[in-house]
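There are 2 protein chains.
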Amino acid sequence: MNSNNSDIDNLIALLAKLPGLGPRSARRAVLHLIKKRSLLLSPLADAMFAVATTARECLICGNIGTADRCEICASEKRAQGQICVVEDVADLWAIERSGVFKGRYHVLGGSLSALDGVGPEELRIPQLADRVREEEITEVILALNATVDGQTTAHYIADQLEDMGVAVTSLAQGVPIGGELDYLDDGTISAALNARKSV
Amino acid sequence: MNSNNSDIDNLIALLAKLPGLGPRSARRAVLHLIKKRSLLLSPLADAMFAVATTARECLICGNIGTADRCEICASEKRAQGQICVVEDVADLWAIERSGVFKGRYHVLGGSLSALDGVGPEELRIPQLADRVREEEITEVILALNATVDGQTTAHYIADQLEDMGVAVTSLAQGVPIGGELDYLDDGTISAALNARKSV
Chain A
1 MNSNNSDIDN LIALLAKLPG LGPRSARRAV LHLIKKRSLL LSPLADAMFA
51 VATTARECLI CGNIGTADRC EICASEKRAQ GQICVVEDVA DLWAIERSGV
101 FKGRYHVLGG SLSALDGVGP EELRIPQLAD RVREEEITEV ILALNATVDG
151 QTTAHYIADQ LEDMGVAVTS LAQGVPIGGE LDYLDDGTIS AALNARKSV
Chain B
1 MNSNNSDIDN LIALLAKLPG LGPRSARRAV LHLIKKRSLL LSPLADAMFA
51 VATTARECLI CGNIGTADRC EICASEKRAQ GQICVVEDVA DLWAIERSGV
101 FKGRYHVLGG SLSALDGVGP EELRIPQLAD RVREEEITEV ILALNATVDG
151 QTTAHYIADQ LEDMGVAVTS LAQGVPIGGE LDYLDDGTIS AALNARKSV
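The listed protein sequences correspond, in order, to chains A and B. Following our numbering, the numbering of the first sequence begins with 1 at its first residue and continues without gaps. Following our numbering, the numbering of the second sequence begins with 1 at its first residue and continues without gaps.
Some hints here could point you the wrong way.
Said to hold, decoys possible - Using 27 Å as the maximum straight-line C-alpha spacing, the simulated DSS-like pairs for lysine-lysine come out as follows:
(1) B:Lys-197 with A:Lys-35
(2) A:Lys-17 with B:Lys-35
(3) B:Lys-77 with B:Lys-102
(4) B:Lys-17 with A:Lys-36
(5) B:Lys-36 with A:Lys-17
(6) B:Lys-36 with B:Lys-17
(7) A:Lys-35 with A:Lys-102
(8) A:Lys-17 with A:Lys-36
(9) B:Lys-77 with A:Lys-17
(10) A:Lys-102 with A:Lys-77
Said to hold, decoys possible - Distance windows between CB atoms, simulated:
(11) B:Pro-19 with A:Gly-109: 27 to 35 Å
(12) A:Glu-139 with B:Ala-90: 48 to 56 Å
(13) A:Arg-56 with B:Ser-98: 43 to 51 Å
(14) B:Thr-147 with A:Leu-171: 26 to 34 Å
(15) A:Gly-99 with B:Ser-113: 38 to 46 Å
(16) B:His-32 with A:Arg-24: 12 to 20 Å
(17) A:Arg-56 with B:Ser-113: 26 to 34 Å
(18) A:Pro-120 with B:Ser-6: 30 to 38 Å
(19) B:Ser-6 with A:Ala-114: 38 to 46 Å
(20) A:Ala-195 with B:His-32: 32 to 40 Å
(21) A:Leu-171 with B:Glu-180: 45 to 53 Å
(22) A:Arg-69 with B:Ala-13: 21 to 29 Å
To be clear, the hints were calculated from the coordinates, so they are not data collected in a lab. Heads up, the beta-carbon is just placed ideally off N, CA and C, and yes, glycines get one too.
Produce the entire structure from the sequences given, and follow the hints as far as they go.
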């Protein structure tokens with residue numbers, strides 16, 4: 001019971017389930033929404049309805065879009081020879097924001113994890129091998145998280161693609177732009193030292 | 001541009017306007033919503049639509065409900081003689097959660113502020129005086145924030161109601177339950193000392 005009103009309480013309870021919001025911030029958000037009804041609440045309801053009815057996974061890469069082929073897979077401007085492999089759609093969006101990569105993607109949907117019982121079949125890894133076989137792929141870029149599970153997954157995929165005549169690369173590791181050495185962990189510093197370049 | 005998809009980008013942009021969410025957490029929230037489409041996204045769209053069409057301000061007290069008289073003003077279980085004056089609907093909800101107060105409310109919609117140009121007319125203070133005159137009110141409880149603006153507003157209201165034959169009270173000030181003296185500000189400690197009670 002938050003507001004003595006079942007509609008409003010229901011909205012608060014649902015909003016509180018979003019990551020990053022709890023009961024208190026959900027109550028604040030609902031009051032804000034009601035104050036800005038025509039500017040924010042109604043457009044938000046419409047936008048949620050639109051996404052709920054149209055959003056679907058791309059059958060090729062696993063990205064989220066509104067058609068069976070996502071905007072990136074359907075675009076003729078994207079290079080056909082490169083596939084960038086990511087764990088989640090959020091990672092794909094992050095790389096797109098950088099604006100550097102002009103090829104296409106493959107979303108695994110997670111990383112291999114013995115503890116959580118996630119094997120290759122759960123991860124769209126077989127579909128990746130199919131794409132490398134069927135499309136004219138020259139390079140597979142493994143843009144997986146620099147975690148134990150992410151790197152395990154990267155090694156597994158590199159093994160799977162070994163005899164397919166495709167270059168398998170991974171993101172460079174080192175000091176992040178703007179990073180201060182004093183605040184970096186030992187692993188990053190030793191990786192950056194080992195991969196040092198001549199100036 | 002977040003996701004290469006206009007529907008999804010629109011939803012992210014709108015969610016990012018909620019208090020407590022920024023662009024990054026809005027992206028996370030949208031991916032979460034799409035994953036839990038039938039459990040969360042569709043119900044949330046429905047709940048927002050319901051609140052957008054039905055929510056309105058109570059004509060008597062200024063609370064938010066779905067009728068011209070809110071659930072509290074319409075309830076016959078609430079004591080008729082007491083009015084608790086609060087700045088915002090969020091404060092009303094907070095007092096309702098405590099479950100202690102059984103009277104009715106009056107929501108000012110803010111506090112007097114010379115800096116922001118908020119005067120008594122903007123604050124439903126005349127409506128409060130009307131209610132005290134027309135309803136059989138015996139006590140007005142000023143539950144305003146313990147800020148400069150809140151206390152200024154409390155003094156102004158107390159002045160306005162002075163000759164109306166109604167008791168005007170305010171919330172007790174002192175050490176919050178569970179509060180440690182070492183972490184309290186000087187103002188709270190001196191207020192608690194001045195209002196000390198015999199044990």
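Okay, the hints, checked on the actual structure:
1. B:Lys-197 with A:Lys-35: Not satisfied, since the Cα-Cα distance of roughly 42 Å exceeds 27 Å.
2. A:Lys-17 with B:Lys-35: 13 Å, holds
3. B:Lys-77 with B:Lys-102: 8 Å, holds
4. B:Lys-17 with A:Lys-36: Judged against 27 Å, a Cα distance of about 11 Å means the pair holds.
5. B:Lys-36 with A:Lys-17: 11 Å, holds
6. B:Lys-36 with B:Lys-17: 22 Å, holds
7. A:Lys-35 with A:Lys-102: 43 Å, violated
8. A:Lys-17 with A:Lys-36: Between Lys-17 (chain A) and Lys-36 (chain A) the Cα gap is close to 22 Å, so the pair holds against 27 Å.
9. B:Lys-77 with A:Lys-17: 33 Å, violated
10. A:Lys-102 with A:Lys-77: 8 Å, holds
11. B:Pro-19 with A:Gly-109: 27 to 35 Å: Cβ of Pro-19 (chain B) to Cβ of Gly-109 (chain A): about 32 Å, so the range 27 to 35 Å holds.
12. A:Glu-139 with B:Ala-90: 48 to 56 Å: The hint (48 to 56 Å, Cβ to Cβ) holds, given that Glu-139 (chain A) and Ala-90 (chain B) are roughly 54 Å apart.
13. A:Arg-56 with B:Ser-98: 43 to 51 Å: The hint (43 to 51 Å, Cβ to Cβ) holds, given that Arg-56 (chain A) and Ser-98 (chain B) are roughly 46 Å apart.
14. B:Thr-147 with A:Leu-171: 26 to 34 Å: Once the Cβ atoms are compared, 50 Å apart, the range 26 to 34 Å for Leu-171 (chain A) and Thr-147 (chain B) is violated.
15. A:Gly-99 with B:Ser-113: 38 to 46 Å: 45 Å, holds
16. B:His-32 with A:Arg-24: 12 to 20 Å: 19 Å, holds
17. A:Arg-56 with B:Ser-113: 26 to 34 Å: 50 Å, violated
18. A:Pro-120 with B:Ser-6: 30 to 38 Å: 34 Å, holds
19. B:Ser-6 with A:Ala-114: 38 to 46 Å: With a Cβ separation near 40 Å, Ser-6 (chain B) and Ala-114 (chain A) satisfy 38 to 46 Å, so the hint holds.
20. A:Ala-195 with B:His-32: 32 to 40 Å: 35 Å, holds
21. A:Leu-171 with B:Glu-180: 45 to 53 Å: Holds, since Leu-171 (chain A) and Glu-180 (chain B) (Cβ atoms, about 48 Å apart) stay within the stated range.
22. A:Arg-69 with B:Ala-13: 21 to 29 Å: 24 Å, holds
The structure is inconsistent with the numbered hints 1, 7, 9, 14 and 17, although it conforms to all the rest.
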